[in-house]
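Engineer: For reference, the chains in residue letters:
Number of protein chains: 2
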Amino acid sequence: MKPIINVAKSFGIDEKYLELYGKYKCKIDLQIREDLRDRPDGKLVLVTAMNPTPAGEGKTLTTIGLSQALNAIGIPTIAALREPSLGPCFGMKGGATGSGKAEILPAEDINLHFTGDIHAITAAHNLLSAMIENHIYHGNKLQIDTQKIVWKHAMDMNDRSLRRIVCGIGDGNGSVHESGFMITTASEIMAVLCLSEDLSDLRQRLGRIIAAYNMAGEAVTAEQIGAVDSMTVLLKDAIKPNMVQTAEGTPVFVHGGPFANIAHGCSSVIGTKTALKLADIVVTEAGFGADLGAEKFFDIKCRQSRLDPAAAVLVVTIKALKYNGGVSKNELDDLNVAALQAGLANMERHIENIRKFRVPVMVAINHFAHDHDEEVAFVVDHCRRLGVRAEVSDVWAEGGAGGQRIAETLRDILQNETSSFAPLYTNDSSLMDKIETIIRQIYRGAGAHLTPSAFKKLEQIEHLGYSNMPVCMAKTPYSFSDQPALLGAPEGFTVQVKDITLSAGAGFVVVHTGNIVTMPGLPKVPAAERIYLDESGKVNGLV
Amino acid sequence: MKPIINVAKSFGIDEKYLELYGKYKCKIDLQIREDLRDRPDGKLVLVTAMNPTPAGEGKTLTTIGLSQALNAIGIPTIAALREPSLGPCFGMKGGATGSGKAEILPAEDINLHFTGDIHAITAAHNLLSAMIENHIYHGNKLQIDTQKIVWKHAMDMNDRSLRRIVCGIGDGNGSVHESGFMITTASEIMAVLCLSEDLSDLRQRLGRIIAAYNMAGEAVTAEQIGAVDSMTVLLKDAIKPNMVQTAEGTPVFVHGGPFANIAHGCSSVIGTKTALKLADIVVTEAGFGADLGAEKFFDIKCRQSRLDPAAAVLVVTIKALKYNGGVSKNELDDLNVAALQAGLANMERHIENIRKFRVPVMVAINHFAHDHDEEVAFVVDHCRRLGVRAEVSDVWAEGGAGGQRIAETLRDILQNETSSFAPLYTNDSSLMDKIETIIRQIYRGAGAHLTPSAFKKLEQIEHLGYSNMPVCMAKTPYSFSDQPALLGAPEGFTVQVKDITLSAGAGFVVVHTGNIVTMPGLPKVPAAERIYLDESGKVNGLV
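Residue numbers (our numbering), protein chains in the order written: chain A, 6 to 548; chain B, 6 to 548.
Source of the hints: derived by calculation from the structure; they are not laboratory data.
You may find that some hints are simply not true.
It does not matter which identical chain is used: a pair holds within one copy or between any two.
Stated by the list, open to error - Keeping only pairs whose Cα atoms sit at most 25 Å apart, straight-line, the calculated BS3-like set for lysine-lysine is: (1) K241 to K543; (2) K543 to K7; (3) K30 to K14; (4) K543 to K278; (5) K28 to K241; (6) K21 to K241; (7) K529 to K153; (8) K241 to K282; (9) K529 to K146; (10) K21 to K7; (11) K30 to K278; (12) K461 to K153; (13) K21 to K543.
If you're wondering where the values come from, they're calculated on a predicted model, not measured in any experiment.
Kindly generate the complete structure, drawing on both the sequences and the hints.
Structural biologist: Encoded structure:
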C-alpha cells in the first residue's frame with residue numbers, strides 16, 4: 006500500500022482536501038468539487054451483471070480490476086464502490102472489497118468500522134426514532150398515531166430477534182406499540198446520503214423523510230419532529246467521500262452502501278461527481294443484476310442527479326450462464342454448451358435492456374480457472390452476432406494485466422460510440438404506469454397485480470402528492486420475475502405487488518414484490534465464530 | 006490548535022505511534038508502552054469532588070485547568086479524561102469537554118463520533134446479543150433459559166421507549182421474550198475496555214462476561230457463545246488511547262467513559278498507564294463525588310491495575326457548599342456564611358474519606374465570578390484548621406494562569422508528602438463485608454438492608470464463585486446516603502439494597518441501591534432541537 010496522501014497526489018488532489026484516517030484511508034473535503042467546478046467531467050461507466058447465482062459473478066471484482074487495467078493502459082481512472090456494512094461480515098460473507106489481485110485495501114478496515122459513516126447513519130436514524138417517541142411522550146402535539154409510526158430503529162448487526170418488537174413497556178417508558186429494527190444499510194438515511202448533491206440537499210432530503218402519520222392520516226415529517234439539523238450534524242463527515250486504493254494503487258472512492266431492493270443500491274452521488282472531476286474515467290457498479298441495479302442506476306441515480314453514463318459493462322460468467330441454462334450448482338464446472346446456449350438468453354435480455362437506456366454496452370466474461378475454452382469462445386461468438394463486444398477478464402488472477410482486453414475494448418467504445426442516455430420513463434407518468442413500464446420493458450412480464458392493501462397505499466401516495474417520483478422495485482435479484490426459481494429469460498408472468506411504501510427523503514416510491522427482509526439473521530455457524538485477531542494484531546477470517 | 010503531531014512531539018511521542026483522525030485527533034499505538042517499559046512512571050493525581058449539586062462543581066474543568074497550570078510551571082503533565090457519549094449531547098447537556106479557558110479541542114468532534122470508540126463498543130455489544138439470540142434460534146445447545154438472558158442490547162442514544170421491549174415477535178424471528186436497551190456507556194464492555202491492561206486482557210475479560218443463565222442456573226459466558234474473538238476484532242482500535250489537546254496545547258488522553266453508578270466511572274487504565282510513561286504528572290478524574298468516584302477509582306481501578314495514586318484534589322465550590330448547607334438553588338449567590346459553615350461538613354467528610362486510602366489530599370476551590378471573598382476566605386481558613394491546603398482555582402476565566410496556585414500547592418504536596426495508598430478492604434473479605442465497610446466507613450450509614458431478592462442474588466453470586474471481586478456501588482451521587490435529598494453529612498441511615506448483579510468481565514459486583522436508569526430519556530425540549538450546522542459548516546449549539 007502507498008500512503009493515501011501519495012495516491013491522492015498522483016491524481017492531483019492537494020493534501021489540504023484530505024482528512025486522514027490513519028495512513029491508508031481518508032475523506033475528501035466537499036470543497037474540492039467547488040474548486041474544480043470549471044474542469045470538465047470524466048466519463049462515467051457502469052459495471053453491472055446478469056442475474057446473480059450461487060456461483061458468484063464478480064461485479065465488484067471486475068469494477069476494481071477494470072479500473073486497474075484502465076490506469077495500466079494510461080487512462081487516469083477512479084473506481085467508485087459501495088461500502089460494506091458490519092452486519093453481513095459477521096454473518097455469511099467476507100466483505101465486499103474484491104479478492105485475488107483485484108482487491109481494495111486496507112480490506113479489514115474497510116469491512117470493519119472504516120471511517121464511521123455507517124455508525125453515523127445509525128446514530129442519525131435512531132436520533133429521529135428517539136425524538137418521535139419523545140414527542141409522543143411529552144404530549145404528542147402533532148397528534149401522531151402510535152400505530153402509524155413508519156420510522157423504526159436501525160442497527161448495523163444481523164439480529165432477527167429485533168425485526169419485530171414491542172417497545173415502550175413499563176411505567177414512564179412511553180407508549181406501548183409495535184416497532185422493529187432494520188439493518189442500517191436499509192435505512193432511508195443511507196439512500197438519502199447517497200443521493201444528496203451536497204450538505205444543503207442532504208438537510209432538505211432529511212427534512213422530507215416521513216416519520217409517521219397523524220390521526221388525520223397526514224404525513225408527519227422529520228422536519229416537523231425537529232430532528233433534522235441534529236441529524237445533519239451527525240452526518241457532516243459521513244457525507245464526505247472516502248478514498249482508499251486497490252492493490253495496484255488505483256484510487257477507489259468507497260462511499261455509501263444502500264440496499265439494492267428497497268433502495269437503489271448505488272454508491273454516493275457526491276463520490277461519483279467528485280471522482281468525475283478528478284479522473285478521465287470513473288468506473289462504478291450497482292447492486293444485483295442489471296434488471297435491478299442498472300435500471301435503478303439509470304432511472305433513479307442518473308435521473309435525479311443528472312449524471313450522463315457513457316457506457317455499461319455487463320459481467321457474465323460461464324458458470325452463471327450455465328446455471329441460468331438449468332445446470333445445478335454442483336455441475337457448473339462440467340462442459341455443457343447446450344445449457345450455456347440456453348443461459349445466454351439471460352445475458353441477451355440484459356443487453357437489450359441496457360440498450361433501451363441508449364447506453365453503449367460491452368460484455369466482460371469474468372474468467373474462472375476451470376472455464377472451458379470452447380464455452381468461452383461460444384459466448385464471445387454469440388455476442389459478436391448480437392453486435393456486442395465481449396472480452397475475457399482475468400483480473401482475479403492477474404489484476405490490471407488480466408483486464409487489459411476489457412479496458413482496451415471499453416476505451417474503443419468510449420471513443421467510437423456515443424451514449425444518448427435517457428431514463429426509461431418520465432417523471433410525470435403515473436406510478437402505475439412506471440411500475441408497468443419496468444415490468445413489461447425490463448422484466449418482460451405481463452404486468453403487475455396489486456394486493457388490495459398495496460393498491461390502497463398507491464392511492465394514498467398519489468393523494469399525498471408523490472406520484473412524480475421514480476419507483477424503486479424491491480424484487481428478488483435471482484430472476485427477471487418475482488419468483489427466484491424462474492431463471493433464464495422468463496416471459497408472461499405477473500408480478501405480485503404486496504406493498505408500496507414511500508421514501509420521500511430519498512425521492513422514490515418503493516414497490517415491494519415479496520417479503521423483503523430488511524434485518525438479516527445470522528446463519529447456524531456465523532462467520533463471527535471464525536474471525537479472530539492473531540498474535541501480531543492482524544485480523545483473520547474476515548476477508 | 007496545534008497539529009496533534011506537534012503536541013505529540015513535544016512529549017517525545019514519535020510519529021510512528023500515531024494513528025491520525027484528521028489533523029487534531031489521534032490514537033496512540035499500544036506498542037509505545039512496551040517500548041517505554043523501562044522508563045519510570047510519572048505521578049498519578051486524582052481530581053475528585055464533593056457531592057454534586059445543580060450548580061455544577063467543575064471537576065472536568067479543574068482537571069483540564071490543573072494540567073495546563075502544571076505545564077505552565079514547567080512540569081510536563083498529561084490529563085486523562087473520560088470520553089463523552091452521543092446520547093446525552095442530544096438530550097440535556099452540552100458535552101464533557103470543559104469550558105471557558107479550560108477546554109479540550111476539537112470540542113465538537115470529541116462530543117460527536119470522535120474516533121468511533123463508542124460506536125465500536127455498541128457493535129461489539131450487539132454482536133454478542135445477536136449471537137445469543139442466534140444460538141437459541143438454531144437449537145439452543147447450551148440450554149439457555151430465555152427468561153434469563155442478562156445480556157441485552159445497547160445503543161448510544163437516549164430513547165426511553167427501548168428500555169423494556171419484547172423481541173422475537175413473528176414467524177421465524179426467534180423466541181419471544183422480554184429484553185431491552187441500555188445506553189452504550191452503561192454496557193459492561195465499556196467497563197471492560199477501561200479496565201483492560203492490553204488486548205489479551207481485553208479478550209479474556211470479554212470471555213468472562215455472563216451472557217445468560219442456563220436451565221440449571223449456571224452461567225453461560227460470552228466465551229461459550231463463541232462471540233469473543235469477533236468482539237475483540239471490533240474493539241481492536243477502540244482500545245488504543247485517543248489524544249487531543251487543551252486550548253493551551255496540553256496533551257489530553259480522552260479514552261473510555263463508563264457509567265459512574267453501575268460501573269466505576271473512570272477513564273481507561275491503558276490511557277492512564279500510557280500517559281504515566283510520557284509525563285511527570287498525570288491528572289485524571291472519576292465520576293460523581295468522592296463517595297462514589299474516588300472510592301471506585303481507588304478500590305476498583307487502582308486495585309485491579311496496581312496503580313499507585315500520589316495525591317488527590319478535592320474540588321469544591323462556594324455554591325455547592327452552601328447548597329449542602331441547606332440553601333436553595335436560587336439563593337446560592339447570596340452571602341450566607343452560616344450555611345457555608347454547615348455545608349463544609351460535606352467537604353470535611355470527603356477529606357476524611359480520602360485519607361482512609363492513605364493518599365495526600367488538597368482542596369481546589371473552583372471560583373465563580375460572584376463568589377464573596379469573605380466566604381472563600383472562610384473555606385480556606387477552615388481547611389487550614391483541618392490540616393488541608395486549599396487554594397482558589399480560576400481556570401475557567403484564566404486557563405492555566407488561573408490554576409497556578411493549585412498547581413504549585415500540588416507540586417509541594419507531591420514533593421513533601423508520601424502516599425501509602427491502600428484500598429479500603431481486601432479482596433478476600435465477603436461481599437457483605439465489603440458492602441458494609443463502604444457504607445460504614447465512606448457513607449457513614451448504619452449498614453445495609455437487602456431486599457429478599459437482592460439477598461438471594463448475593464448468595465447466588467457467592468455460590469458462582471465471584472465473592473473475591475470488589476463491589477461497585479450504584480447509588481445516588483447527590484447524597485452520602487441512598488436518599489438524594491439528604492445533603493451535608495448525614496449519619497445513621499440504612500442503605501436499601503434492591504438488587505445485586507455481576508459484571509464478571511469488568512471484575513466487580515454491582516450493588517444497586519435504587520432504580521438506576523441505564524437508558525436515559527430525552528427532555529421535553531431536547532438539546533437536539535438547538536444543534537445545527539451553520540453556513541460555514543461549523544456545529545452550533547452542541548458545546
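Engineer: At most 25 Å between alpha carbons: which applies to K21 and K7, within, between, both or neither?
Structural biologist: both (18 Å within a copy, 16 Å between copies)
Engineer: 25 Å Cα cut-off: does K543 pair with K278 within a copy, between copies, both or neither?
Structural biologist: between (35 Å within a copy, 24 Å between copies)
Engineer: With identical chains treated as interchangeable, where does the CA-CA distance between K241 and K543 reach 25 Å or less: within a copy, between copies, both, or neither?
Structural biologist: Answer is between; shortest inter-copy Cα gap is 10 Å, intra-copy 31 Å.
Engineer: Could you place K21 and K241 in one of the four classes (within, between, both, neither) given a Cα distance threshold of 25 Å?
Structural biologist: Result: close within a single copy only, 18 Å intra versus 29 Å inter.
Engineer: For K30 and K14, with the copy left unspecified, which applies at a CA distance of at most 25 Å: within, between, both, or neither?
Structural biologist: Both. Shortest intra-copy (14 Å) and inter-copy (23 Å) distances satisfy the 25 Å Cα cut-off.
Engineer: What label fits K241 with K282 when the C-alpha limit is 25 Å: within, between, both, or neither?
Structural biologist: For K241 and K282, only the intra-copy Cα distance (21 Å) is at most 25 Å; the inter-copy one is 36 Å.
Engineer: Reference check for the pair K30 and K278, CA-CA at most 25 Å: within, between, both, or neither?
Structural biologist: For K30 and K278, the Cα distance is within 25 Å only inside one copy (19 Å; across copies 29 Å).
Engineer: If the cut is 25 Å between Cα atoms, do K21 and K543 qualify within a copy, between copies, both or neither?
Structural biologist: between (31 Å within a copy, 18 Å between copies)
Engineer: Using 25 Å as the alpha-carbon threshold, which applies to K28 and K241: within, between, both, or neither?
Structural biologist: Both. Shortest intra-copy (22 Å) and inter-copy (17 Å) distances satisfy the 25 Å Cα cut-off.
Engineer: One pair to classify: K461 and K153, alpha carbons no more than 25 Å apart. Within, between, both, or neither?
Structural biologist: within (15 Å within a copy, 43 Å between copies)
Engineer: With identical chains, the pair K529 and K153 could be close in the same copy or across copies; at 25 Å between alpha carbons, which is it: within, between, both, or neither?
Structural biologist: Answer is between: at 22 Å across copies they meet the 25 Å cutoff, but 34 Å inside does not.
Engineer: Within, between, both or neither: how does the pair K543, K7 come out at a Cα-Cα threshold of 25 Å?
Structural biologist: Result: close within a single copy only, 19 Å intra versus 32 Å inter.
Of the hints listed earlier, there is not a single one the structure fails to meet.
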